[in-house]
Every structure is written in structure tokens, then in C-alpha cells.
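**Student:** Heads up: the sequence lines are chains A and B, in that order. Position 234 of the first sequence, counting from 1, maps to 234 under this note's numbering, and the rest follow consecutively. Here this note's numbering = 1-based position in the second sequence + 360.
Please keep in mind that the hints were generated in silico from the structure rather than gathered at the bench. A quick note: this is a predicted structure, and the numbers were derived from the prediction, not measured. Any given hint could turn out to be false.
[As the list claims (entries may be wrong)] If the Cβ cut is set under 7 Å, some of the chain B residues that face chain A in the computed set are:
#1 K409
#2 T593
#3 D595
#4 Y596
#5 P693
#6 R696
[What the hints assert, rightly or not] DSS-like mimics (lysine-lysine), calculated; alpha carbons at most 27 Å apart, straight line:
#7 B:K426 - B:K413
#8 A:K23 - B:K507
#9 B:K413 - B:K659
#10 A:K76 - B:K507
#11 B:K408 - B:K507
#12 B:K613 - A:K137
#13 B:K613 - B:K408
#14 B:K408 - B:K468
#15 A:K102 - A:K76
#16 A:K102 - B:K409
#17 B:K408 - B:K419
#18 B:K426 - B:K468
[As the list claims (entries may be wrong)] Short, incomplete list of chain B residues facing chain A, as computed with Cβ under 8 Å:
#19 N466
#20 R598
#21 K601
#22 A602
#23 K603
#24 V605
#25 R606
#26 H614
#27 R617
#28 A618
Yeah, the Cβ is synthetic: ideal placement off N, Cα and C, and Gly gets one too.
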Amino acid sequence: MTEFSLTKSGSGEDAFLSVRDLKVHFPTQDGIVKATDGLSFSLERGKTLGIVGESGSGKSVSSSAILGLHSGSNAKISGEIILDGEDLLSLSEEEMRQRRGKDVAMIFQDPLSAMHPYYTVGNQIAEAYRVHNDVTKAAAKARAVEMLARVGIPQPDRRVDDYPHQFSGGMRQRAMIAMGLINDPGLLIADEPTTALDVTVQAQILDLLQDLQREFNSAVIIITHDLGVVAEMADDVLVMYAGRAVEYGPCKEILTHPEMPYTWGLLSSVPEVTGDTDAPLIPIPGNPPSLLNPPSGCAFHPRCPHRDKVADDLCKTELPELLPGGRGPGHTKRCHLANPDEIYQTEVLAEIAPDLVKES
Amino acid sequence: MLAYLVRRLFAGVILLLVMTLVVFMLFFASPVDPVQFSCGRNCSPELKKQTEKALGYDKPAVVQWKDFVQGIAVGRDYPDDPELRAAAPELVTECNAPCFGYSTFNTKTVNEEIAETFPISLSLAIVALIIWLTGGVLLGVTAALTKGSILDRGLVGASLILYAFPTFFIGLFALKFIAIKWGLWDKPVYTPIAEGGIGEWLYHLLMPGAVLAAVFMAAYVRMTRAFVLESMTEDYIRTAKAKGVRPRIVLFKHTMRAALTPLVTMTGLDFAGLMGGAIITETVFNFNGLGKLAVDANKVYDLPTIIGLVVLLAAFVIIANIIVDVLYAVIDPRVRLG
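Generate coordinates for the entire structure from the input sequences, incorporating the hints supplied.
**Tutor:** Below, the structure is given as C-alpha cells:
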């Protein structure tokens, strides 16, 4: 059995991106919606963090907070988002605007709706450049053509004048990536960048992202619910549930020795391409919790098949801290179970991938 | 583009032909006998026969329809009976193409009636359009930008109240109080540009224009507000913000472009509808426009005028539709003509 490095890529205050105790709360008439509640992570340049979770777990809300996209809404944001030594949350709206697209860029899920239907692709990419660089329209357009070529659009000098609807889905996402990277941002957030694409195109886009990341040496946060994407791309993984991190550690470590039943559930729900057609897919029972009125104790306890293994109903009454488990300080989890690795090997893995258990 | 236009115009002409046919059939199905009206009170059967022949009502309906369509295409002369025209050439009225008919009631061609009334309706509609469009869009955008504030609620509430007031009430109030009782504004009397210049023309059109615009403006405030708010939640607006685009440019370049496109369609059709549809305003202010002409023609069973106006107004709506569609293709690159 291989030993993995148990140190995460970024640690402490000196990391390129360091998010500390980030809270994004939305006051509503029915109460406070805690979309993100005390999220912490860090990331180095050139590294990739995968944020995984179901819809409504707070993935996108957290990344929008890093970009400062909640200004204008009634969101209450607290904590620290330190990018390259500067707390983004302490910046004024105008200062944050000047960093958006330049130091932090984002690419979105559905590139058709994320691009303006009335402007050409070239216009929209050039706009991203002109916002942050004092150049002529022609120079910005030349730069847009250059970026389109870089992301693999054929005949970029002609396609630059096309409208988004004239591009295919994969090309649109390439164009979005070109738009995101045109100012060479230190941090790129990709919010489910492959969800709207078909699988072959997905692979191309992921490849492209990896290539460009190496070239530009940027830090990448990839938000997804697809563990395949995470396995492919991420150095670190952060699993989110009900606005909180429930497991955090190096990617391979998390995928091979998960210590939180929610992560087990996610792994069990992944179909295996080469698997038997009769092999069971085990969905996580129940639905994601309401963020308005989350369950007491561990938010996952109503759906957790292992809650009875913890004494005194602790799962119902007490929120577990995000602490290192039995695998070293680099791998933290939010769970009361005393021997999670053992339960995973004997109960979960035995059911979803019996071959793996035999091997080890 | 050109092929599309030709095709649309051709389809429009066919539609108009069908319209004239339908209106003609209604004409003959109506219980009103136009001959009786023209013949007058002391009409004898002989006189009636003579009148019928003079006006061409003795011909079969289909032939009359053909004559009407032909009149629109190449013009025609009145009275319809060629013998009568030969006997009294001094009484012949020439009606050049497109000839919409001859009103025996007003003893002039429908074209002349239209020529007198059309500038009034057009002027009124233009002034009203400018008022409701600027007011509606500005206030609607203001309301959207201050969503939830007192200003927004005030604007939405006020437009609802304005929308609920009938035009004749607003019109009569403006006329009786602002113009007559308080003397704040001269009583509007239509003055062509040729007579009083643009200033005078506009001065007299402002009050009826505003009255006509009121109900449209109320509707446009609410529509603009809804379109802008909807557009603000679009993904591409988030993209623009994520690029670091200045808020003002996000609003004017990205949000407005998408929000105001549907207004083009509505504005075009509303404007065309107003050409003959400003009946109440025209009546209240005694402006002899197309709408008032149509109502007056209806009151006295002046069937040729009615038919002529129906065809003309239908043509306006058809043309407005074509213009709006072409304009839409220019604005929205996703729309292909064809």
C-alpha cells in the first residue's frame, strides 16, 4: 500500500489563498440562511483545490464570496479571505472590482447562459482585457484572438467575430476559459466547468484547464459534484455539507481513506464504467438539509447510516469539530465516529468495490 | 434579407386582400342599405334604382370587391356608373391609386378624408410615443434599480393608479381644469407644422399627447421594471461582474441591451395600433383624427369610409409587424430572418 503525503498544499497564513472562518449568511423573513458557515482552507499557486458537495451545500456561494459577487445583495459576510497577503473582505467595492477578473477570475457552469447573447465572443473576451488594461480596442481584440488560439479554437481570427450561439458547447466553455485567463489571474475559480458538456468534451476541457494552470501557474479552485473530475484535477479536496467543510485533505488520501460517512455516500453514488451492470449504486438516503433550519448536532446525522455507532446520541446533540482523524494532521474530518477508516474498509468498501478490499 | 422582405410584403398583400374580402362580405351582410341612405328621405323606388346604379351597388358583390381592389391598385373614378360619368363630366371625382373608396355621406373620396385626418393622428401618436417611451423607460429603470425602496413602491403604485384611470377621465380633467378652468394651458387646437411651426404644433399636442400616453406609460413603467429585474439575474450579468466590469457599464451595456429588446416589439405594435386607436383622446379634445373619423363613419353607416379605414389601419399593423421583425433581427443576433 502506498504512503501518501499527508501535508496539504497550502498551510497557514503564508499560503497564496487563505480562507479563514468564512461565513456567508443571508437574512430572510423566515430567519438566517447560513449558506456558508465557518469555512477555512488554503491554497498555493499552481495547486488545485476541489470543492465537492451536493447542490445547496454552499460551494458556489463560498466562491462567489471570494470574488466579491455578493455585494449588492443582503448577504452578511464575515471571516477572512486572504489572497496574496491581502484581505479581500476588507477592500472597498471599487478596489474589489479592480481585482475581479484580474487577480481572481471565474468560469461558470453553463457557458451559453454565461455569455451575453447580443455581443460577439471576441467583444466579451476583449472587454475582460480592456477593463484591466489601458489598451486600444484593436489591441484587445488581437489579445482575444491570441487567447482563443491558446484555448484551441480553430480559426480564431474568424471565430472571434462569432456570437456565442454560433459556438458549440465545448467551444463556448473554451471561450469562457480564455475570458477567465486573459489577465493571467493568480486564482481561477471554475464553478462546475464541465457539468453542461458531454463526456468527451469534458475530458478536453479538463485537460485544457490543467495545461493552462501549468502554463500560468495559477491556483485553481474547481467546484464540482463529480468525484471523477476531482480525482483527475485536484491536489486537495474539500467536502462540503450544509455550508460547512466536513472533510478536507489531499485528494488521493480523501479518495482512498475517507473518514466521513457523507464522503462515503458520495463515493458510493459514483457509477463505475467497467463495473457490472448489476452492481448496486448506493444513493445517499434523504435530501440535503434546509440551510434555514439545519439539523441539530452534525447536520448529516438524519441521513447517516452510521449514527448509531456513536454513543449517547452525540451526533444529534453536538456538532463535531473539523479535526484530524487517525491518518495524520493533514486530513481533517467532522465526525464523531471513533474508527472511521475501519468501518469504511469493512462495511462501505466491501459493498461498493469488493475487489479493492481483497487486494489490500 | 431582401428575399425575406419581399416574401413578407407579399404575404402582407395577400392578407390585406383577404381582409378586404371579409370586410366586403360584412358590408353586404349588414342590415343597413347604403343606397337608402344616399337616396335620402323622399326616395321613390325609381330614384332608388337610379342611385343604386350610379353608385355601382347594382353589380354583384364580387365585382364590387374587384372594383375596390382595382381602385387601390390603379385608382378609379366616381360615380361608378360610366354612363353617368359621360353624361356629366363636371361631376366626376377622380380617385388616384391607392383609392380607398368614396364616401357618399361626406361627398368626398375616402382618400381625402384620410389626408385630412391622418396627419393629426400621426402627430398625436408621435408625441404620445415620445412621452410614454421616455417616461416609461426612465421610470421603469429607476424603479428596477431601487427595487424594494419607497421610490420603487411609489412608482409601481402610481403607475397602477394611472393605469386604472380611464383615458376619458384624465382627458376631461386636463381639458376642463388645466386648460379651461385654471387657464394653465391653452385649449389644444391642432395646428399643422406648416401653419404654426414645430413649437406651436408641439404646444397644442402636448396635452392630448400626454393624456394618450398616460395609460401606455403606466404599462411601460411596469414592463420595463420587470424586464430590467429579470435581466439583472441572468448568468451573463454575473459573468460581466466577475470580469470586473464597472457597475455603470454592467447596467448600460449588458443589462439594458437585453432588457429593452422586447420593448421594441411592443412599441412598434402599440404605435401602429394608435394610428386609428386614439379615439377617446381625439374625441375629448375634438381632434379630427383617424379614430374619430372611424367612429363618426360608424355612427352614420358611412360604409365606404369604414371599409377604407379598416384596410388602411390593417396595412399599418402589417407594416409595423414587418418593421418590428426586421428590427429585432438587427438587435438580436440569434434571430435569423427567413
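**Student:** Sort out which numbered hints this structure fails and list those numbers smallest first.
**Tutor:** Violated: hints 1, 2, 6, 11, 13, 16 and 19.
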